[in-house]
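**Student:** Sequences listed follow chains A and B, in order. Just so you know, the numbering used here puts 338 at position 103 of the first sequence, and the rest follows in order with no gaps. Just so you know, the numbering used here puts 1579 at position 111 of the second sequence, and the rest follows in order with no gaps.
Honestly, the hints are just simulated from the structure, not real lab data. Yeah, the Cβ is synthetic: ideal placement off N, Cα and C, and Gly gets one too. A few of these clues could be false.
Stated by the list, open to error - Short, incomplete list of chain B residues facing chain A, as computed with Cβ under 8 angstroms:
| id | residue |
| --- | --- |
| 1 | N1520 |
| 2 | L1522 |
| 3 | R1548 |
| 4 | M1553 |
| 5 | F1555 |
| 6 | N1559 |
| 7 | F1561 |
| 8 | Y1605 |
| 9 | P1606 |
| 10 | V1687 |
Stated by the list, open to error - Simulated pairs of lysine-lysine, DSSO-like, Cα-Cα distance not exceeding 30 angstroms:
| id | chain 1 | residue 1 | chain 2 | residue 2 |
| --- | --- | --- | --- | --- |
| 11 | B | K1490 | A | K364 |
| 12 | A | K364 | B | K1582 |
| 13 | B | K1697 | B | K1490 |
Below, each chain spelled out in residue letters.
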Amino acid sequence: MNDVIDLLRKVTPDLLQGTVVTLQITAVSLTLGMIVGLPVGVGRVYGPGWVRRILGAYVTLFQGTPLLIQLFMAYYGLPDIGITLGRLQAAFLTLGLNSAAYQAEYLRSALQSVSEGQMIAARALGMSKWQAIWSIILPQAVRLALPSWSNEAIAMLKYTSVVFLIAVPDLMGQAKILSSRYFAPIQIYLIVAVFYIVLVGITYLILTWIERRVRIPGLTSGTE
Amino acid sequence: MTAPILRIEDVHKSYGNLQVLKGVSLTVQPQEVVVLVGPSGSGKSTLLRCINLLSPPTKGRIWLEDQDITAPGVNQDRVRQRIGMVFQEFNLFTHLTALGNVMIGLTKVRKMRKNEARDLAMFELERVGLADRAHYYPAQLSGGQKQRVAIARALSMDPHIMLFDEPTSALDPELTGEVLAVMQKLASEGMTMIVVSHEIGFARQVADRVVFMEGGVVVEEGPPQCMFKQAIHERTRAFLRTIEYMRHAP
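Just chain A, same shape as in the assembly (with noise of 0.2 angstroms):
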């Protein structure tokens, strides 16, 4: 027991700093993911025929492939065409992106679940089509896929933990290092999953919080 003990207290500040950019990286691709994924989601509903199809093609290449692949092409691969990301910009590009494609996802599922007199009703009133989007419909698809986001920014959370294979520093980077270090790997990855449960305990009571404060009746998704 004071093995153990004692190995937490060598590794706790090191198992801290890999905290703080796994939920760096995490914040940032999420956060992209959002900024790319909501104009992606509307488009692939909303746009023109082309659009759609473009927009399909995207997220089908970052849903197809494994999410290590679109890692490494992004870290080893663009340089080869002058493009040359550095280990966390790599992370941020390859995960938000790849959260783009599942939130875009979420949103469009959550788009078409809203009722089509909705927008009867909104044109009726002498909205524009972008207009009754943005002010009728995404307001209650946002809602609807609320549930499936927190799904995603859970699983974010455990899925970036793949960007140690480039050597960035997070979590499970720190994990390697340690390990070879004080030759306890089963210990220390057993001490990195205590960590990542915490982490996702947390985020999962702030998403029940938010989901419970932006709660509309009559607005929810599944049987309620």
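Since chain A is already given, all that's left is putting chain B on it; use the hints.
**Tutor:** What follows is chain B alone, placed relative to chain A:
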């Protein structure tokens, strides 16, 4: 005779091979209340959607006041601001309170300031007797209340004409009265209205004219007392008998 507020001339509407309207002509005078009746599939609702350009006619022309709204290059959003529409399924905006529903057209379309819009929206809610429900969400309102909010929402845009697409058909029978009362009040205030409805009592009391449609054309039209007593066409008589019977049926 004053200039008509709405003039529909030989309007056709097809969806692919399906011809729904086959040449409808109709003229509506200011402050007139026209009740459209006819069997389902006769094209009544489609005609309303043509009038406010939600699905523009494939052929024919429609004049709203002095403007040919079917002419190419017409700003359809502008036209719709002058035409209020009330739907069978209410279509209230789910994420907004009753007040929010009535305000949003004012702030987003008429670009009114929030305070101003709120006051006007409250006034419209009072008109339909729902000021005390201003902060309820649609899911917290009864069907009749929802429809009255929908009427207030349409009225907020200060429309020149109101279209009602079976406004009471989705309501439980005991809730239709409150909606019809609001509509009757509107009519008495001089609102021009086209109402698709099978409410015979409403048609008798409020309508200036009853128009019978079948198979995408206007079969017959006239003042309610004539139409209900001595319609010329056997089809009209048969249909009116049926809805009258339905009304008295348990």
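**Student:** If a hint holds in the structure, say so; if it does not, say that too.
**Tutor:** Consistency of the hints with the structure:
no. : hint              : in the structure
1   : N1520             : holds, 6 angstroms
2   : L1522             : holds, 6 angstroms
3   : R1548             : holds, 5 angstroms
4   : M1553             : holds, 4 angstroms
5   : F1555             : holds, 7 angstroms
6   : N1559             : holds, 4 angstroms
7   : F1561             : holds, 6 angstroms
8   : Y1605             : holds, 5 angstroms
9   : P1606             : holds, 6 angstroms
10  : V1687             : violated, 28 angstroms
11  : B:K1490 x A:K364  : holds, 29 angstroms
12  : A:K364 x B:K1582  : holds, 22 angstroms
13  : B:K1697 x B:K1490 : holds, 27 angstroms
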